[in-house]
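Chemist: The chain contents come next:
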Amino acid sequence: MNAGSLSQSELAAAVAQSDRRRESAWSLRFRIITTLILLAIGTFIAVYFNVEATFLASAAPFIAGGISLTIVVALLSIMLATILAVLGALGRLSRSATANAIASFYVSFFRGTPLLLQVLFWYLGLPQVGIVLDPFVCAVGALGMNYGAYMTELFRAGIQAVPVGQREAAVALGMSEQTAFRRVVAPQAFRIVLPAIGNDFIAMLKDSALASTVTLHEILWRAQNIGRREFKSLQTLLIAAVFYWIMTIAFSALQSWLERRMAAGDRNQAVKA
Amino acid sequence: MSKPIDLRGAAEPHQLHPAEKPGVLVKAGAGPVLQATRIAKWFGDNHVLRGASITVWPGETVCILGRSGSGKSTFLRSLNFLEDPTDGRVEIDGVVVNADPFHTEGKDRAERIRELRMRAGMVFQEFNLFPHLSVIGNCIEAPILVKGMARKEAEAIAEKYLEKVGLLDKRDEYPSRLSGGQRQRVAIARALTMQPKVLLFDEPTSALDPTLVGEVLKVMADLAHEGRTMIVVTHEMDFAHEAADRVYYMDQGEFVEVGPPEQVIDAPQDQRTRDFLARFRTLGTKK
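Listed in order, the protein sequences are those of chains A and B.
Residues 1 to 273 (the working numbering) are what the first sequence spells out, left to right.
Residues 274 to 560 (the working numbering) are what the second sequence spells out, left to right.
Incorrect hints may have been included.
Claimed, not checked - Every beta carbon over 10 angstroms from chain A, so not counted as near; a handful from chain B, in silico:
1) Glu285
2) Lys300
3) Gly317
4) His320
5) Arg387
6) Arg390
7) Val419
8) Lys425
9) Lys491
10) His508
11) Asp511
12) Arg547
13) Arg552
Unchecked claim - Derived DEER-like restraints, expressed as beta-carbon distance ranges:
14) Ala494/B with Arg21/A: 56 to 62 angstroms
15) Ala97/A with Asp381/B: 19 to 25 angstroms
16) Ser449/B with Leu6/A: 38 to 44 angstroms
17) Leu117/A with Lys420/B: 49 to 55 angstroms
Said to hold, decoys possible - Listed next, the stretches of chain A that the computed footprint assigns to chain B, with coverage defined by at least 3 CB atoms under 8 angstroms from CB atoms of chain B:
18) 170–182
19) 187–201
Simulated from the structure, these hints should not be mistaken for laboratory data.
Glycine included, every Cβ here is placed at the ideal spot set by N, Cα and C.
From just these sequences and the hints, can you work out the full model?
Modeler: Structure representation (C-alpha cells):
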C-alpha cells in the first residue's frame with residue numbers, strides 16, 4: 001500500500017489494523033503448535049503403551065487421592081517458611097551479632113545442602129538420637145526450613161528495597177524504630193515480596209514430591225506404589241506429572257489473578273475519593 | 274566501658290550570634306524554642322559540620338543557604354537526630370539531647386530523641402509519603418500511633434491542615450495519583466498534623482518540576498506569615514528574601530554569615546556568601 005496516498009488518520013488506522021492482523025496470526029500459530037505438541041505426545045503414548053482404560057480408571061483416582069495431601073504439605077510448609085523467613089530476615093538485618101550470626105548460619109547451612117538430604121535427615125537421622133517424628137512433620141519441617149532459608153534472603157532484599165526515606169519519615173514523625181518498621185516498612189516490603197512467595201509456593205508444590213521418600217502418601221508416592229506393583233510406572237508417572245502440571249497451571253492463574261486484583265484494588269481505593 | 278566524655282558543645286552554654294535577635298512575629302519576652310549548640314559531625318575523616326549553632330524563637334522563619342555539600346542538610350538532619358552529630362547539643366521546646374557518639378544505642382536516649390522529634394516536623398526533598406496509605410492515612414498514622422490520639426480527632430486535625438494546603442478534596446487519594454507539588458503539600462499537612470513546635474524543611478522544592486515549585490512555596494510562605502516556626506534549607510532566594518526573619522549562610526560546615534535577608538542576600542559581607550550569590554545571579558535569579 002502506498003502510504004503517501006493516505007490521510008494521517010487513515011494511515012494510523014491501516015497501521016493499527018495491520019498490527020492486529022499480525023498479532024492474531026501469531027497467536028493462531030502459537031495455539032496450533034501447542035496443540036500439535038500435545039497431540040504428538042498423546043499419539044506416542046497411545047501407540048506404544050497400549051493405554052488400558054480400566055487401568056487408567058483405577059490408577060488415576062488412586063493417584064488423585066494424593067492431591068489434597070500434596071496441597072496441605074505445600075501450604076503448611078510455605079507458612080512455616082514464611083514465618084522463618086521473617087525471623088531470618090530480621091536477624092540478617094539486625095545489629096545484634098548474636099541474631100545476625102544465627103540467621104546467617106541458618107541461611108548458609110540450609111541453602112548449602114540438598115533438600116533431599118534434609119528431608120532424609122529429619123526422617124532417618126533424628127530417630128538415632130531418639131527423636132522420632134511423624135513423616136508428615138518430617139516433610140513439612142524439612143521443606144519449611146529449607147524454603148525459609150531461601151525466603152530469608154528474599155525478605156531481606158524486600159525490606160532493603162523499601163527506600164530509606166520511608167523509615168526516616170516515620171521516625172521523624174516520632175515513631176519508634178519498631179513502630180516504623182511494623183507500620184511503614186514491613187507493609188511495603190510485603191507487597192514487594194508477595195509475587196515471589198507465590199512463585200515459591202508453586203515450586204513447593206513440586207518439591208513436596210520429596211515427601212514420598214518418607215512414605216507420605218502424596219501424589220508421587222501413590223504413582224510409584226501402584227506403578228511398581230502393576231509394572232506400569234511410565235503410565236502412573238505420566239498421570240502424576242499431569243496432576244502436578246494442572247496444579248501449577250491452576251495456582252499460577254490464581255496468583256496472577258490475585259496480583260491483578262491487588263493492583264486493581266489500589267486503583268479503586270484511589271479513585272473512591 | 275569508659276566514662277562518658279564531656280563534649281565541648283554539650284559542656285559549654287549556648288551563645289547567641291550578634292545577629293540573632295527575635296523576629297517581628299515573636300511575642301515579647303518569649304524565649305527561644307530551638308537552640309542547636311556547636312553541632313559537629315564527622316563522617317569518617319570528613320569534617321562535615323564544624324560547630325554550627327542556631328537559635329530560633331517561636332514564630333520565626335529562618336532560612337539556611339549554602340552550596341551543595343556545605344553541610345546544611347546534615348545540619349538540619351542533626352536537629353532531629355536523623356544524623357547523630359559527633360558533638361553538640363540540641364534543645365527544642367525544653368527537650369534536650371546531647372551528642373553522645375559513644376552511646377548511640379541506649380533506650381533512654383532513643384526515647385528522648387523521640388520526644389525531640391515529636392516537637393519537630395520534617396518535610397523532605399523527596400516527600401517520603403507512605404505509598405500504602407491514603408492522604409488522610411498518611412496524616413493520621415503518627416498522631417494515632419505516637420500520641421495515642423483518637424482516629425476522629427486526628428482526622429479532624431488532618432482535615433484542617435489539608436484544607437490549609439488546599440488538598441482536602443484529595444483526602445482519600447493515594448500518593449501515587451498526586452503530582453509532585455501535591456505530594457509535598459500533603460507532606461507538609463502530615464508534618465503539621467503532629468502539631469510540632471517547629472517545622473524543618475530540607476530543600477522541599479528541589480525535587481519538583483519547576484512549574485510545581487510555586488504552589489509549595491506559596492503554602493510555605495503562608496505558614497511563615499501566620500507565625501509558624503520554620504527552619505528552611507533552600508536554594509529559593511526569593512522565598513528566603515520574602516519569608517525569612519533571618520538567613521544563615523553555611524560554608525564548609527560553619528555559618529559564616531547570619532542576618533536579615535536584606536543584608537545576607539542583598540548586601541553580603543562575607544566573600545564566600547558573595548561568591549555564592551553571584552553564581553545565582555548568573556543563573557538568572559533577579560533579586
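Chemist: Hint by hint, note whether the structure agrees.
Modeler: Status of the hints after comparison with the structure:
1. A cut-off of 10 angstroms between C-beta atoms confirms that Glu285/B is not in contact with chain A; the least separation is 28 angstroms.
2. Every beta carbon of chain A lies more than 10 angstroms from that of Lys300/B, the smallest distance being close to 26 angstroms; the non-interface claim holds.
3. Every CB of chain A lies more than 10 angstroms from the CB of Gly317/B, the least distance being 19 angstroms, so the non-interface label holds.
4. The Cβ of His320/B lies farther than 10 angstroms from every Cβ of chain A, with a closest approach of about 23 angstroms, so its non-interface assignment holds.
5. For Arg387/B, the non-interface assignment is contradicted: its Cβ lies about 6 angstroms from the closest Cβ of chain A, within the 10 angstroms cut-off.
6. Taking the minimum C-beta to C-beta distance to chain A, about 5 angstroms, the non-interface status of Arg390/B is violated against the 10 angstroms cut.
7. Once the 10 angstroms rule is applied to beta carbons, Val419/B is inconsistent with being away from chain A; the minimum gap is 4 angstroms.
8. For Lys425/B, the condition that its CB be more than 10 angstroms from all CB atoms of chain A holds, with the nearest at approximately 19 angstroms.
9. Even its closest Cβ contact with chain A, about 23 angstroms, leaves Lys491/B beyond 10 angstroms, as expected for a residue assigned away from the interface.
10. Separation of His508/B from chain A is adequate, the least Cβ-Cβ distance of about 20 angstroms exceeding the 10 angstroms criterion.
11. With a closest Cβ-Cβ approach of about 27 angstroms to chain A, Asp511/B is found to remain outside the 10 angstroms limit, as its non-interface label requires.
12. Chain A leaves Arg547/B outside its interface by the beta-carbon criterion, the shortest separation being 34 angstroms against a cut-off of 10 angstroms.
13. Every CB of chain A is more than 10 angstroms from the CB of Arg552/B (nearest about 28 angstroms), matching its label as outside the interface.
14. Here the CB-CB span from Ala494/B to Arg21/A is close to 59 angstroms, well matched to the stated 56 to 62 angstroms.
15. The beta-carbon spacing between Ala97/A and Asp381/B, approximately 22 angstroms, falls within the hinted interval of 19 to 25 angstroms.
16. Look at Ser449/B against Leu6/A: about 40 angstroms separates their beta carbons, and that is inside 38 to 44 angstroms.
17. Between Leu117/A and Lys420/B the C-beta distance comes to about 54 angstroms, which sits within the given range of 49 to 55 angstroms.
18. Counting residues of the segment 170–182 of chain A whose C-beta sits closer than 8 angstroms to any C-beta of chain B gives 9, which meets the bar of three, so the coverage hint holds.
19. For a cut-off of 8 angstroms, the count of residues in the segment 187–201 of chain A with a CB near a CB of chain B stands at 3, and the three-residue condition holds.
In this structure, the earlier hints numbered 5, 6 and 7 are contradicted, and the remaining ones agree with it.
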